[in-house]
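Number of protein chains: 2
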Amino acid sequence: MKPSLPQGTRDFSADIIRRRRFILDTIKDVFELYGFEPLETPALENLETLMGKYGDEGDKLIFKILNNGLDNPLKKEEIQKGFNKILEGKNEKNITERALRYDLTIPFARYVSMNYGKLTMPYKRYQMQSVWRADRPQKGRYREFYQCDADVAGTNSLISDAELALIYQQVFRRLKIDVDIKINSRKILAALAEVCGGSDKMSAITVAIDKLDKIGIEKVKEELIENNLSVQQISVIESYLQIGGSNDEKLTKITTLLNNVETGQKGIEELKIILNYINEVAGQSSTSSINIDFTLARGLNYYTGIIYEVKAKNIEMGSIGGGGRYDDLTGLFGLPNIPGVGISFGVDRIYDVMTELNIFPEDINKSTTVLFFNLGEKESTVAFKEMQVLRNNGISCELFYENAKLDKQFKYASKKNIPFAIIIGSNEVEQKTCIVRDLLKAEQQTIPVDNLSSYFR
Amino acid sequence: MKPSLPQGTRDFSADIIRRRRFILDTIKDVFELYGFEPLETPALENLETLMGKYGDEGDKLIFKILNNGLDNPLKKEEIQKGFNKILEGKNEKNITERALRYDLTIPFARYVSMNYGKLTMPYKRYQMQSVWRADRPQKGRYREFYQCDADVAGTNSLISDAELALIYQQVFRRLKIDVDIKINSRKILAALAEVCGGSDKMSAITVAIDKLDKIGIEKVKEELIENNLSVQQISVIESYLQIGGSNDEKLTKITTLLNNVETGQKGIEELKIILNYINEVAGQSSTSSINIDFTLARGLNYYTGIIYEVKAKNIEMGSIGGGGRYDDLTGLFGLPNIPGVGISFGVDRIYDVMTELNIFPEDINKSTTVLFFNLGEKESTVAFKEMQVLRNNGISCELFYENAKLDKQFKYASKKNIPFAIIIGSNEVEQKTCIVRDLLKAEQQTIPVDNLSSYFR
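Protein sequences, first through last, are from chains H and E. Position one of the first sequence corresponds to residue 9 (our numbering), numbered consecutively onward. Position one of the second sequence corresponds to residue 9 (our numbering), numbered consecutively onward.
Since the hints were made in silico from the structure, they are not lab data. Note that beta-carbon positions come from the ideal geometry of N, C-alpha and C, so glycine has one too.
When the alpha-carbon atoms are kept at most 30 Å apart in a straight line, the in silico BS3-like pairs for lysine-lysine are as follows: (1) 126/E to 424/H; (2) 83/E to 101/H; (3) 61/H to 83/E.
Pairwise CB distance ranges (calculated): (4) 25/H to 129/E: 14 to 22 Å; (5) 422/E to 24/H: 36 to 44 Å; (6) 98/E to 59/H: 22 to 30 Å; (7) 336/E to 19/H: 20 to 28 Å; (8) 309/E to 410/H: 20 to 28 Å.
Here chain E is said to cover these stretches of chain H; the calculated rule only asks that three of the stretch's residues, wherever they fall, bring their Cβ under 8 Å from a Cβ of chain E: (9) 42 to 54; (10) 66 to 73; (11) 79 to 87; (12) 338 to 351.
Given these sequences and hints, build the entire structure.
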């Protein structure tokens, strides 16, 4: 049997893991610097926890687990009925009652609902775990991939919104990726809809604006016409989309455009407060700009306030982060009135950006520090002992397992990126010395074995 | 809807994650010190990769994924036939072709088989990931849990066997758990079987010996009688099980007992070589003893050479580690003659042992270092700015999100184990000072805000 991997899944070898860890550890460190606590939820959730939360399309992409014991003859009739329901596209507890995590937000909402009394509110949690989606695999899209979220639940304070933008700044500064952090407010989009035909047009307008990047303004206008917006309404949307200038100039223009709409003024006021907080600490920290972008819409999701999106500069790549504020995290699970705000990092895309820009730290592929060569039984027993002294001093070492040709041992060191070789032959055993070879510089020296630890410290 | 978790799964809150990370990071650091490289494989494997690898009982415990699109009317007939096969306890590609990782060994073997040409051999990998088993949940047994393995593939060198015992020593020394590391050889058990009725009795003898701890010598003897061993043969096994003394004494006694059996002498020779390596570095490192234990059998699995098992001293708990050498890692996947040796850590049990012995580091639940109190809009804007200075210096901070009663803010700090509060009221704003309160000592002092970073460094 020739083994293979399921479509859309990946093995991660050591060199990839080291790069991914660099990204994940950076994000984790910044989350913790801002007072976020880790949470981990199981990969398995009850199917009913997930169903109906991601729209009809999402429901179809959930991986469901087959119940065990379906060959139980005592239950044959029930199970057969269950299979018939599955054939009709329905779910059936007798066949499947568990599913794989599809995102980190619904498990977070479930967790908050189940543990509300015990949690310290406002609850600031981060979560970095795999999710699974039965999407058609394609370049950059996998069926098993990591998500990386931070959310604050239980406060309307805009301090948390401002902090999340700063987290984006700090993470990408540490990763050395120049980014454009875009910010807008769903309240402003709601106000625009009110001006242009009423709030029932909000979803059509949002969806159309969301496509601006991909299809251009003319196609967006066509789509709006199809949605029965008048020429005059579309011209308001066009002038909205054309608002430019500095953040302050944009705020002045949008205030005029949405002059009489209360929701809009509220959204503008919130944007101002958030940008004030950010400006307070500007210059202290970053070159990454935080820019109002009224064309930002964030598709069809549950956001109700501020929204974010992050793009890398100087490279063609979709967004590498996104998020926003939502009114009601846990209502679906019976706990009303918990607002929240959160952001997400696209780890796979960040990895691709950093690979393409070649900005991973140079020593990222450092593995073992020292390879002791194996020159025979007696010599390797001495090497084994010296190796353990180094390990006790925190220096990672290996002893080549067999008394192979030197050639082969050098090749092993080279393939594993091991920078130092230590050679203990019969002469060295006798004289209590060893040869330390710097494999990168191709230099070597003989030193007393007793000096080995201090050599590497 | 009141949400719940699937049976046998767990959410991990921050305090549990910090403890688990302490264990996992310790193990990871030691693995890397010994030159092992990380590997991560997907949770989803092709069902055919897993089936038939874990015995009939194991097969039943594999979680299978329902294919998507089972409501496709064009495929109705095929799918219906598929369901009929499932009812008969067979697998059917039309219904399920993927499954959840059941252990880390088979994915490792699959990975080595698929990537053999590219790997640096001998390949030393470690892997720390979740696995899933549809076992009946009970105390300490979960359906989703972590495994933590290190294996060396592609060498018969006993240096690797010796190193794995040293890894056990070093990990448990770092975790401050006193352990008994037991060692035996399957070759010795094979020789015992040869002496007592031939090699076809090996599995019966191994299974019976494996139960000695739980059922006692008399029941073991009964089981051997049921397996048609003669009184004389059973008396040999009994004297085998009673071998005591130091490692050296045990080796002398077993040499006599298995005098004429070649496999046995080979096993004894290997044990001696491994213990020699270990003795070379003894005293350098550890109080944890590595002891020959001829009653160690490791149940019905694929080991063929050295076997290990680790138990914590001074506490009632099953084994917290185990492993051994096997002849053929990848034969099942078409790549013959790759020997291997590996060990595994039982993370959940190690967690329980450390909790019961109360030996986690005292500061393990340290979260944010500083909470800035919120005393109003103007004050909190100043606090926000100072907080960012601290964060830029690597000190984790939070600003309480609302201008709530001090009482509530103190309570938040206490519930989150935050050791310091910084209070900036209108006086402090004016005088450019702040009050730093050590919440553990209940002491406070007023310092210039400009000195804050150096205060915490």
